[in-house]
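In order, the protein sequences belong to chains A and B.
One point on numbering: in my numbering, the residue at position 287 of the first sequence is 294, and numbering is uninterrupted.
One point on numbering: in my numbering, the residue at position 19 of the second sequence is 30, and numbering is uninterrupted.
Source of the hints: derived by calculation from the structure; they are not laboratory data.
These figures come from a predicted structure and were not determined experimentally.
Ideal Cβ positions, reconstructed from N, Cα and C, are used throughout, including at glycine.
It is possible that part of the hints are untrue.
In silico contact screen, one side only, chain B against chain A (beta carbon under 8 Å); selected entries [what the hints assert, rightly or not]:
{"hint": "1", "residue": "D42"}
{"hint": "2", "residue": "A44"}
{"hint": "3", "residue": "A159"}
{"hint": "4", "residue": "G334"}
{"hint": "5", "residue": "T351"}
{"hint": "6", "residue": "T359"}
{"hint": "7", "residue": "L376"}
{"hint": "8", "residue": "A484"}
{"hint": "9", "residue": "S487"}
{"hint": "10", "residue": "W508"}
{"hint": "11", "residue": "P511"}
{"hint": "12", "residue": "A622"}
Below, a list of computed lysine to any residue pairs in the SDA-like style, where the Cα atoms sit at most 20 Å apart [stated by the list, open to error]:
{"hint": "13", "chain 1": "A", "residue 1": "K266", "chain 2": "B", "residue 2": "D24"}
{"hint": "14", "chain 1": "A", "residue 1": "K266", "chain 2": "B", "residue 2": "G363"}
{"hint": "15", "chain 1": "A", "residue 1": "K143", "chain 2": "B", "residue 2": "A369"}
{"hint": "16", "chain 1": "A", "residue 1": "K99", "chain 2": "B", "residue 2": "Q362"}
{"hint": "17", "chain 1": "A", "residue 1": "K143", "chain 2": "A", "residue 2": "W89"}
{"hint": "18", "chain 1": "A", "residue 1": "K143", "chain 2": "B", "residue 2": "V636"}
{"hint": "19", "chain 1": "A", "residue 1": "K99", "chain 2": "B", "residue 2": "A369"}
{"hint": "20", "chain 1": "A", "residue 1": "K266", "chain 2": "B", "residue 2": "S365"}
{"hint": "21", "chain 1": "A", "residue 1": "K143", "chain 2": "B", "residue 2": "L91"}
{"hint": "22", "chain 1": "A", "residue 1": "K99", "chain 2": "B", "residue 2": "N293"}
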Amino acid sequence: MKGLLDPLGPVAASQQQHLLVVVVLTLVAVLPVLVGVPLIYWRYRRRNAAAYRPDWGFSPLVELMMWGVPLAIVVVLSWLLWQDTHRYAPEKPLGPTPLEIEVVGLNWKWLFLYPGERIASLGDLVIPAGQPVTLKLTSDTVMQSFMVPSLAGQLYAMPGMVTRLNLVASAPGTAVGRNMQYNGSGFSGQQFRVRILSEADYRRWSERAANSPVRLDKSTYNKLAASGSLAEATAIFSGEAGHRRPFPVPVEDANLFGKIVGRYHTGTPIAPEQQPGASAYTPVDDRL
Amino acid sequence: MNEGPLGRLGLDDLPLTVFFGHPGLSEAIADGAGLLVIVAALGALLLLSIYRLWRPLWCEWLTSVDHRKIGIMYIAIGLLMLVRGVIEGVLMRINQAAAQGGGFLSPDHFAQLFSTHGTIMIFFVAMPFIVGFINCIVPLQIGARDMAFPVMNQISLAMTAAGASLIMISLVIGQFGTGGWTAYPPYTELAFSPGEGVDYWIWAVVISGLGSLMSGINFSVTIYKLRAPGMTFMRMPMFTWTALCTSILIVFAMPPVTVSSLMLAADRYLDFHFFTNDLGGNMMNYANLFWMFGHPEVYILILPAYGVFSEISATFAAKTLYGYRSLVIATMSIAVLSFTVWLHHFFTMGQGASVNAAFGVATMLIAIPTGVKVYDWMATLWRGRIRMRVPMIYLFGFFMLFTIGGMTGVLLANPTIDFQVHNSLFLVAHFHNVLIPGVLFGMLAGVHYWFPKVFGFRLDARWGARTAWLWIAGFSFAFLPLYALGLMGMPRRASMWDDPAFVPWLIVSGAGALVILLALVALCWTFVTSIRHREALAVPVGDPWDGRTLEWATPSPPPEWNFAIIPSVSARDPFYTEKAAGAFVAATFFGFAMVWHIGWLAAVSALGLVAGVIVLGSRETRHTVIPASDVARAENEWLRELNGAQGVTRDEEITAANRGLAAPDTLPGESRA
């Protein structure tokens with residue numbers, strides 16, 4: 008996945024742009040070292056008998072340059088940093104009515120809930136092109152880091168909390184996303200597909216859920232939440248026919264996301280058997 | 012704790028999976044490593060017995076309060092652990108190079124490797140190195156006889172050794188944690204990591220952390236209180252300045268990590284909920300506390316390396332250090348600023364744009380004093396007479412590579428860029444790029460520079476140079492490609508991957524890791540060959556490099572009292588120190604017992620440790636007087652040697668003619684001033 012190097016939206020494009028600007032500006036301070044050091048080592052090698060000033064240890068002009076140039080660069084960089092950090096802050100929506108998608112990090116796959124359509128997708132984030140999207144991230148296991156490099160970079164997803172990552176894709180295409188924070192033996196494979204569809208294709212995709220024989224309810228969610236690969240979790244929804252791509256599926260409870268976040272705020276302890284991602288976890292049908 | 016008398020320790024925790032089923036390459040490597048530790052330990056015991064070294068080891072080393080010997084033991088721990096750390100690193104790089112679709116190491120084994128590698132390199136290689144150097148050199152540089160608290164110094168060493176021992180024991184008995192060197196909860200909480208692994212991490216870090224804290228206190232008091240008359244602050248050598256700043260940082264930065272680790276222990280042992288998912292726990296507090304230590308920690312490590320570079324650039328350019336005042340101000344600025352930037356380790360936690368931007372700007376500010384220091388060393392070399400000795404090769408590598416690491420650090424200070432490369436191999440490349448060319452090159456340069464002072468003979472210059480170039484090449488091939496991989500989105504800590512675009516970069520990186528392995532072998536050989544030829548390399552007079560600071564005014568190796576002319580004697584008390592050596596045993600047993608839930612052993616060793624400290628602390632101080640005649644005799648011997656020695660020019664610096672007396676330096680054809 009050539010994420011940052013191949014941006015598919017304005018956020019990642021601006022991050023790429025910022026990277027290049029910082030590299031160029033920093034080179035002003037760095038190049039004199041990379042060029043000057045070999046020259047000094049060569050010219051003032053002992054055998055060369057070049058100029059020798061053993062007691063020279065201070066020069067106001069040199070001091071001014073040494074402190075002044077880095078300071079000036081840092082002032083410019085700080086200004087840019089402040090502007091850029093605010094322009095595309097992850098929590099800032101990129102339009103008036105963003106499409107809201109709820110993201111649940113699990114061991115070792117990502118669940119995407121579309122509250123507007125009441126559908127769910129696993130390991131396959133589908134978004135319409137040109138439409139600002141707000142991803143509400145949480146985790147139902149340990150902390151994870153949700154990342155789609157070609158769209159927006161990463162943000163932590165933490166149990167019992169919601170972080171917001173806003174992004175928009177410029178044109179239809181595909182990308183790869185993944186978890187960047189180590190969360191156990193399945194970490195390396197915890198990737199997902201990102202598909203950016205046209206408005207019409209997106210609508211067609213979301214309507215496919217109506218034909219799905221299985222749905223996401225308490226029972227399937229609790230099974231899904233057990234540690235395992237995306238393929239293993241997908242099998243839960245594949246049904247008798249063994250569909251490889253059974254998603255999207257309808258969601259029974261419109262407030263599933265709220266319940267996943269809220270389970271950590273009930274004031275009662277969560278035993279390891281009830282904690283998704285824990286090695287002792289055993290799925291029980293009616294939890295949540 | 013409802014387990015048996017040995018807690019939860021059982022037979023299947025020993026490195027014998029071959030006999031307990033599921034053997035594979037990954038398990039074989041783990042078992043082999045465990046058995047290697049056992050064989051090496053038995054071999055060491057055997058050699059000590061054959062050569063009848065037990066008594067000298069105990070009397071002259073383990074119970075010594077001599078700062079120089081304690082320093083040497085610290086550095087020995089650092090070198091030993093470096094060997095393990097490098098081997099683990101090479102194993103990981105080779106595995107990753109071969110891991111398209113799955114490497115030869117199991118994901119769990121790989122996770123243990125990156126966890127121990129990080130923990131070892133930070134806490135048990137870099138820290139012992141810098142603490143060891145400060146011990147060896149600072150008292151000599153400030154004209155003191157010893158540290159302010161020699162016995163506490165020894166307890167610090169015992170704690171560090173106990174922590175290192177726990178890490179080594181984890182190779183043989185049971186498993187280490189898989190949560191990385193930062194051990195972020197909730198992954199490291201009981202629900203997700205129920206085994207003994209995280210406990211090994213906790214107790215190794217807590218015990219050695221207490222040792223480091225005591226070292227910090229000891230060093231700062233020593234530098235504040237024990238400077239020789241006339242050694243004002245603005246006359247202190249730069250290495251001592253950096254040691255002072257580092258000590259202050261240690262005093263303020265170690266407590267947060269000790270506290271956060273103990274809070275994690277409370278979660279795991281006592282059913283607390285500081286960082287759990289439920290009942291109000293929050294892992295964000297852990298991240299805050301950990302990095303409140305973690306960021307100053309990188310400056311704790313790098314500042315003494317800066318000190319080394321200051322010393323060697325002046326010495327080997329035969330010039331006064333440029334911009335002493337600037338360097339002091341820059342060092343202090345870095346020390347203060349290092350406490351204001353910790354949040355940049357988790358820009359991605361969702362705290363909002365303004366908080367991120369503020370910490371981003373603070374982070375960039377550190378680049379200013381750091382840049383000043385680099386320019387100062389360049390100015391020191393400018394119009395000097397540079398001798399390309401081994402330390403200068405390391406300095407060259409530092410200049411060319413560390414600058415790149417500094418540049419990527421400025422990149423990472425930008426939250427917008429950090430969102431893209433955080434947790435990726437770009438980050439791994441960055442911190443290796445500052446830690447290897449910065450800390451490690453600084454320490455190895457220091458080893459070559461001060462070795463003749465501490466041991467009385469120089470290290471072989473040819474093998475030293477080969478080692479240095481191997482390190483520089485190995486680092487460049489192993490880590491610079493990781494920048495590209497990080498920009499392509501490859502995460503850190505991945506035991507496998509499937510993007511074919513990664514292949515060429517990972518293969519170069521794996522080859523670089525092998526070069527680093529060669530560098531490690533060459534480093535060991537440098538020591539072996541130098542010890543073999545120590546007669547020819549001896550510099551008893553004490554000043555092989557035409558040095559500029561006070562430590563070169565003593566014999567090599569310096570006597571226990573360091574300076575004969577300060578008319579007082581050193582405080583020492585062998586009786587106390589045997590107790591302090593017992594602290595190592597008690598601390599190791601305590602850590603081990605806590606890891607395995609062996610209640611009675613934990614209680615006994617904790618009691619022993621506490622009682623020991625109380626006894627130590629409540630006894631009257633007793634001084635052992637070294638007779639003035641002994642001092643005079645040794646001093647006269649040295650003076651005779653000095654008078655008989657032939658001064659050498661810098662051209663003969665790395666020849667056998669160099670006995671440690673510098674002649675006024677001239678170039679051939681130049682008349683002597």
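Where does the structure disagree with the numbered hints, that is, which hint numbers, in rising order?
When the structure is compared with the hints, numbers 1, 2, 3, 5, 8, 9, 11, 12, 13, 14, 15, 17, 18, 20, 21 and 22 turn out to be violated.
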